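Asks: The lines below spell out each chain.
There are 2 protein chains.
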Amino acid sequence: MSTLINSLLNKPITHTPIWLMRQAGRYLPEYRQIRNKAGSFMSLCTNPELACEVTLQPLRRFNLDAAILFSDILVIPDAMGLGLHFVENEGPKFTNPIQTVYDIDNLQTADILSKLDYVFKAIHNVKAELKVGTPLIGFSGSPFTLACYMLEGGSSKNYLTIKKLLLNNPEACHKLLNKITDVVILYLNAQIEAGVDAVMLFDSWGGVLTENAYLEFSLPYLQKILNSLKKEHQNKTIPSIVFTKGGGLWLEHIAKANTNALGLDWTIDIAKAKLVSKDMVLQGNLDPVILAVGDKAAIKKEATRILTSYLDANDGNISGHVFNLGHGVLPITNPDHVAYLVDTVHEISNRM
Amino acid sequence: MSTLINSLLNKPITHTPIWLMRQAGRYLPEYRQIRNKAGSFMSLCTNPELACEVTLQPLRRFNLDAAILFSDILVIPDAMGLGLHFVENEGPKFTNPIQTVYDIDNLQTADILSKLDYVFKAIHNVKAELKVGTPLIGFSGSPFTLACYMLEGGSSKNYLTIKKLLLNNPEACHKLLNKITDVVILYLNAQIEAGVDAVMLFDSWGGVLTENAYLEFSLPYLQKILNSLKKEHQNKTIPSIVFTKGGGLWLEHIAKANTNALGLDWTIDIAKAKLVSKDMVLQGNLDPVILAVGDKAAIKKEATRILTSYLDANDGNISGHVFNLGHGVLPITNPDHVAYLVDTVHEISNRM
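Taken in order, these protein sequences are the chains called A and B.
Just so we're on the same page, the numbering used here is the position in the first sequence counted from 1, plus 11.
Just so we're on the same page, the numbering used here is the position in the second sequence counted from 1, plus 11.
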């Protein structure tokens, strides 16, 4: 079994595996070339050949321990009828954001998997081309995070629309979250059937809530998904990772949600996160800005600090740690520094 | 002594005092009127009569337990030579941001208090007009937060410039932070001499750091300031409040920094924050979005939850809590809802 999957299952490993959120992306010149050829971000996402090519690009350059499918969490709202497009320098936009509670009833959930068929085709292509033993991670946005985008109509500063709904009409908010949850369960199980080796749930915006609201409007839906996922496929165990950005204060709650691993942003000391539960696998947590603007000495220092901190908290054992950033690779990142980080993490953890 | 000061000193109180970050501001039509008359935000800040008037406006409308001086944390970089101005819809900008490490040597620190004399004049005016028994809170930005603005040249998404400096040239970063710290100490002690009854340090951006970097680049400077503040003035004790937004994971460290109170954003459960230290006064922590978009029932529910949560964690005693938002009042907030929140907090806590 691969080092990544072994680590996610808390089995013995000889080095700490590493992959990076947004490892396929704009910091790579070969990505920008394909992206320009595709015309728009969405035509890249929906083209299984190009999505496969872009997924594999970072694996050709770096000794990464996993591939992650190139896609976007917003393909789900798009398939539910909201019409996703990307505005240059403004990020994602929907042609039909949810504007009234009646729009929630009109969300399309029929034939959702056939609308997302391009994702499963891309998975098949990647699995066919990926080196044997390199696992492929599939993913979805969390229901709360997807609902944020669907209600705000794109990125948001204060999340006024979703918070207004959850405060003043919690029933309608739960109805929306339940609809999304049902779709995410179908979507992730179809990804597993198409061949992904692990799944990750990105709760990018859960951290903007109060603890109370997080426990009512985000975590239960993550838990429902995790309880409904295929845990085995083709005689392999499919581990899961949950990442709530800004959720460091709530890890003890998230740890009870039937996940194999907790994704950490960079604000929590990884040793403190390990105190939550000795058995919980941790993924993280280098500040992506350190990789983007730090020199090699600074990158090595911080990677060493994180690896050592985990080791000390885990009785001198590297198992149960997956190295990653605390958020996605920034577009200004120097690819040489990514190569340096990957090799440094392998080297140091192997010596440990 | 006033209820606010008693609560900040952890003495018995008959109701939980409440004031709101940015209680003087754009959500009030009478503020917008004066702001338009002044022409620019800076001409409002630097005019002691208008700054006084704007400070007092919310006290005329609401039964608030304190006034906070109307000013901006960026008056310090302005006085150090950076040239502050505000661009409509873009926020603060500096004419001369720090662009090289040599600019750090050239920061002006001479005659700093005379350059900021308009602030102390405004304090005198407010103290002369404020109802006897209503305390006035003075404030400053934290050295790290001010350094963020001075290096980024305004607001920032990823804090690339300051993080680059602290990673690759920590000595220069410490030099800058020391310079700012010396000025903040002079500034806050002059505010105390001018008559403020409590002081607050706003570390608005400390939460973007790793714990490690926070402990090296933000907290020690907060501590140095707190250790250098006049604790007594005209036979009154002057309590302090420290607020690191996004610092909920680091409260146990902040609690050791010689402050009377910890400001909390809305992401931490106030009962959990009380676990850090039974003697520590807590200020917070209603999500400002709840005040902005919640209906009255939602506002009451959330205020009750916070008050009850604190009460339970403090052995059934309301003392040592100052009610506030977890961040500033949003401009879209309905003033009637502010009045409702203030009265609700008084009523409920008085019954407790």
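Worth flagging that the hints you see were computed from the coordinates, not collected in a lab.
There could be a bad hint or two in this list.
Since the list can't tell identical chains apart, any single copy or any two copies may satisfy a pair.
[As the list claims (entries may be wrong)] Listed next, the in silico SDA-like pairs over lysine to any residue satisfying Cα-Cα at most 25 Å (straight line):
#1 K289 / G144
#2 K247 / E182
#3 K142 / G94
#4 K283 / L197
#5 K307 / N47
#6 K283 / A324
#7 K168 / P40
#8 K186 / L70
#9 K104 / I123
#10 K311 / E60
#11 K126 / K138
#12 K283 / Q234
#13 K307 / A121
#14 K283 / S125
#15 K138 / E182
#16 K48 / N107
#17 K190 / V86
Note that this is a predicted model, so its numbers are computed, not measured.
Asks: Work down the list of hints and note, for each, if the structure agrees.
Replies: Each hint tested on the structure:
For the homomeric pair K289 and G144, neither the shortest alpha-carbon distance inside one copy (27 Å) nor that between copies (53 Å) is at most 25 Å. For a Cα distance limit of 25 Å, the shortest separation of K247 from E182 qualifies neither inside one copy, at 39 Å, nor across copies, at 51 Å. Taking CA atoms no more than 25 Å apart as the test, K142 paired with G94 passes in neither setting, with 35 Å inside one copy and 57 Å between copies. In the homo-oligomer, the alpha carbons of K283 and L197 never lie at most 25 Å apart, since the shortest distance is 35 Å inside one protomer and 37 Å across protomers.
For a Cα distance limit of 25 Å, the shortest separation of K307 from N47 qualifies neither inside one copy, at 31 Å, nor across copies, at 50 Å. Proximity of K283 to A324 under the C-alpha cut-off of 25 Å is found in both arrangements, the shortest distances being 8 Å within a copy and 23 Å between copies. In the homo-oligomer, the alpha carbons of K168 and P40 lie at most 25 Å apart only across protomers (23 Å), although the nearest pairing inside one protomer, at 30 Å, exceeds that limit. Taking the shortest Cα distances, K186 and L70 never come within 25 Å of each other, neither inside one copy (40 Å) nor across copies (42 Å).
With identical chains, the CA atoms of K104 and I123 are at most 25 Å apart within one copy only, with a shortest distance of 20 Å there and 47 Å across copies. Taking the shortest alpha-carbon separations for K311 and E60, neither the intra-copy value of 36 Å nor the inter-copy value of 54 Å comes in at or below 25 Å. Within a single copy, K126 and K138 get their C-alpha atoms as close as 21 Å, which meets the 25 Å cut-off; across copies the closest is 66 Å, which misses it. Proximity of K283 and Q234 under a CA criterion of 25 Å is satisfied in both settings, with 23 Å inside one chain copy and 23 Å between copies.
In the homo-oligomer, the alpha carbons of K307 and A121 never lie at most 25 Å apart, since the shortest distance is 50 Å inside one protomer and 38 Å across protomers. For a Cα distance limit of 25 Å, the shortest separation of K283 from S125 qualifies neither inside one copy, at 43 Å, nor across copies, at 46 Å. Proximity of K138 and E182 under a CA criterion of 25 Å is satisfied in neither setting, with 41 Å inside one chain copy and 49 Å between copies. Proximity of K48 to N107 under the C-alpha cut-off of 25 Å is found in neither arrangement, the shortest distances being 27 Å within a copy and 41 Å between copies.
For a Cα distance limit of 25 Å, the shortest separation of K190 from V86 inside one copy, 15 Å, qualifies, whereas the shortest one across copies, 49 Å, does not.
Hint compliance for this structure: hints 1, 2, 3, 4, 5, 8, 10, 13, 14, 15, 16 are broken, all remaining hints hold.
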